[in-house]
Amino acid sequence: MSANPKKLVEMRGVKLKFADKVILDGVDFFVQKEDILVIMGLSGGGKSTLLSILMGLLKPDAGSVLFKDEDLTKLSRTKLNEVRAHIGMVYQNAALVSSMNVRENIELPLKELSDKNDKEIDSIVDQKLELVELKDAKDKLPSELSGGMQKRVGLARALALEPELVLFDEPTAGLDPINGKHIDDLIVQLRDKQKVTAIVVTHEMESAFAVATRMAFLDKGKIILEGTPEEFRHSDNPIVSEFLSAYSDEKHTKE
Amino acid sequence: MISKLGAFTISLLQELSSVVWMGRETMSEIMERIAKHRSPFRLEHFFYQCNRVGVGSVPMVILLSVFIGLTMALLTGYQLQLFGIVTLVPAVVSVSFTREMGPLFTGIVLASRIGAAYTAELGAMTAGGEVDAIEGMGIGALRYLVTPRILAIFCLTPCLAIISVISGILGAAFISSLTLQISYSYFYDQVMTNLLVKDVLAGIVKSFLFGAIIGMISCYKGLSVKGGAVGVGIATTSSVVIAISTVIACDSFCNIVMVTFFP
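Order-wise, the sequence lines are chains A and B.
Under the numbering used here, the first residue of the first sequence carries the number 488, and numbering increases by one thereafter.
Under the numbering used here, the first residue of the second sequence carries the number 142, and numbering increases by one thereafter.
So that you can see chain B by itself, here it is in the shape it has in the complex (with noise of 0.2 Å):
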């Protein structure tokens, strides 16, 4: 039990440092290349990306929060009504959804949307040998293909966060107006009166930081693919839990620090 454990530790440990190593490796390249003047990505690719990990995030991510947000007022309605305190909804649900849920669900949907593609894609870039041709080039794969990617999703989950606040308080409005008679008018000065600037600077905080993360991590599952298609299948996997769990413990760990030292 105790060797396992160990063994697990040492395992994680390296694959940390493996993570930190190539983060550290891609802003080296990217220094090395502006320091001779040229562009160290191509502003095409990051558009790409962008277009991909945003515009093509949109839908799924209003679609789950309405539905979460939506149920989430829901279900707190029903039990606040037993107190008598339905009128609580709006603020209970603008809160959690902005500093919470927001930047958690659209960092799951992505981290199984995006994280699982880039995985996918430069681990069957790695298997195929054109890793190695780029690097042979001497373009410097990190560079070229590491940077648009994590630029993007670190940009875009924000953005997303956002439109996942406001799609689940919308959702949660439409909810408590049809079956908690709470007006849109009253939900809304509610919303307004009850969030903080802190809560949305958590959320938005949270959101740039679940973006690096998902990015660091479906990247270097991809780029340290072994075997073949399997390999591309594990890591895929393998990269999808990990981020997706990366992300859980990093929200509950800024959660306690947020709590702790911003009360």
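Extracted from the complex, chain A is given alone in its bound form (with noise of 0.2 Å):
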């Protein structure tokens, strides 16, 4: 169905109404291997309805979502759920279990869905809270953590089983930026060295320009504008070049 090999995500003509409000209104794009994608937009636009569609937790009314060439919208549950195994993702909030604490949170996709044992479980947990910088918070429960802290466990958590692509929903929103440069770092170094490809919702400029190798811009249910980073501070698009104006009046105010 590709003609690219190295294309790892599509989205087809994606649609999809609540009610009578159209959320997507033919969303088309593709995530290369490797890349960095980021997603920008206004708030309420259909973001994180996006990578919902991603996962398979909505279907669209219309279109197609191809995972390495294979349509999510058409797949029983059982592939379905084989496909999200490999792709990680970290939430706006989170959503670590709350009744679990951080080692637990990181195994449950461990236990449940590999055929390790306890051991290599352990380790693998031992590693990716390394990855994270989380070691000593092991035991303590995702409520004694920060804000910060429980988006880093959520990434450890999405990483657990080695997925190939790892989708962000504001990675960074409501962070310091001490906190906020910790998550793009992480998400940069997946990329160098573990080759893991990331698909990143955010209306964090700052952000979005420090992970990015490709970006999009979704307005009104579609995808205005997409390309490289450089491509978007130089756009003429009148949504986009407010968009950006936006940030910079707001990173100008406070220098």
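Derived by calculation from the structure, the hints in this document are not laboratory data.
Misleading hints may appear alongside valid ones.
Restricting the straight-line Cα-Cα distance to at most 35 Å, the calculated cross-link-like pairs of lysine-lysine (DSBU-like) are [stated by the list, open to error]:
1) A:LYS502 / A:LYS561
2) A:LYS555 / B:LYS367
3) A:LYS668 / B:LYS177
4) A:LYS502 / B:LYS367
5) A:LYS502 / A:LYS622
6) A:LYS561 / B:LYS367
Relying on the hints, combine the two individually framed chains into one complex.
This is the structure:
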């Protein structure tokens, strides 16, 4: 189906509406292996919905969602669950299981979906916690962690099964600049060292330009611009320009 | 009036079909898991829920049942004394407790104690995005979260109903010996003579049904929560109300069937 062998994910003509409200109105984009695609857009514009569709949590009304040439919208639940094991997701609110401590949260996918023994699982958990620099928080409950720490645990959990694709929903939203930068560095590090492909949904411009290899702008249910960060900076699209100038104004004010 | 009744019927049917859908999907996730030679749920989760539903509910079930048995014997005894047939108290209390009161009160206790907890827990997880996260990992949220809960309440309701029946009868025997001058040995003999196997079976079958109903309704209500903390509160209230009403309705239906077909 796909002409490009490096293409990992592709959305073709994806449409979705809730009741009478159109959320996505024919979204088309693709992501190549080892790319970090940043999807931007106004709040409530359907960016997080896009990720839910990619995870198979929502079914679009029309269009196809291809992951390694397999259409997720047509897969049986068993097959879809198999595919989901290759996709990790870091949620905006981390979505850690609140009754489990950090170690148990990271163990969860490993215990449920892999054939690894306890010793191997322990070693993976340690390795992932080391990656997100949270080894000391192993026995803490999510409620005992700060927002930034919860997001890092969410990332460690998303990486537990060594996914090929990681989806980030507003990874730096609500974090202080230092924690935000830490998360951005982790995203880039994942691509550089572990060859992980990522789709990042954000409206934090600084974070977006720090991690993106490609960018897309979602407006009124459609991708109105897709390109490199450089192309975005010089775009003459009025909505994108306004969005970027609002960011530079904000940055300017802060300075 | 008619349009309101129509809307109510439609929403009732929608809810009912959703509960059935949840049961079907849970079963299908379990079967898929078994086909892959993997355990459909973690035994530790099942035993944890059993401990909560069963062991945790024992004191409340005993307390309620003793007092209900006691009150029942006392009131029945005073009425039967007027006709000089107070000796019927053991038979009346034991049969009604075994067939009716034991399973029904256990159902009501579990619907309010465990059903509410299931709904609140799953509701908070749904509202916090935890259920979606589990589903998104490919784990199968229904299998992972719902199965141990429903299975625990399904298996433990009959056990608690038996405890309730024994406690109720003991409460009745105590008050009968104290106020109605019925000795413990006479009470015991009368219970053994009048209680039939079909009464015991009827009580146990009903308890299994009540357990399944409470588990299904409370888990469904929890998983369909919308609107954060307020939504969890609304769902929990509605779960308890619906579970208790359904248990009582199901009890009446079972009684009609049993009286008609197994008189």
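Tested hints:
The hinted pair formed by LYS502 of chain A and LYS561 of chain A meets the criterion: a straight-line CA distance of about 15 Å does not exceed 35 Å. Annotation: proposed proximity of LYS555 of chain A to LYS367 of chain B holds, straight-line Cα distance about 34 Å (limit 35 Å). Distance check on the hinted pair: LYS668 of chain A and LYS177 of chain B sit about 42 Å apart at the alpha-carbon level, beyond 35 Å; violated. For a cut-off of 35 Å, the pair hint linking LYS502 of chain A to LYS367 of chain B stands: about 24 Å separates their Cα positions.
Restraint check for LYS502 of chain A and LYS622 of chain A: not satisfied, since their Cα atoms lie roughly 42 Å apart, outside the 35 Å limit. Under the criterion of a C-alpha separation no larger than 35 Å, the hint pairing LYS561 of chain A with LYS367 of chain B is consistent with the structure, at around 27 Å.
The structure fails hints 3 and 5 (numbered hints given earlier, in ascending order).
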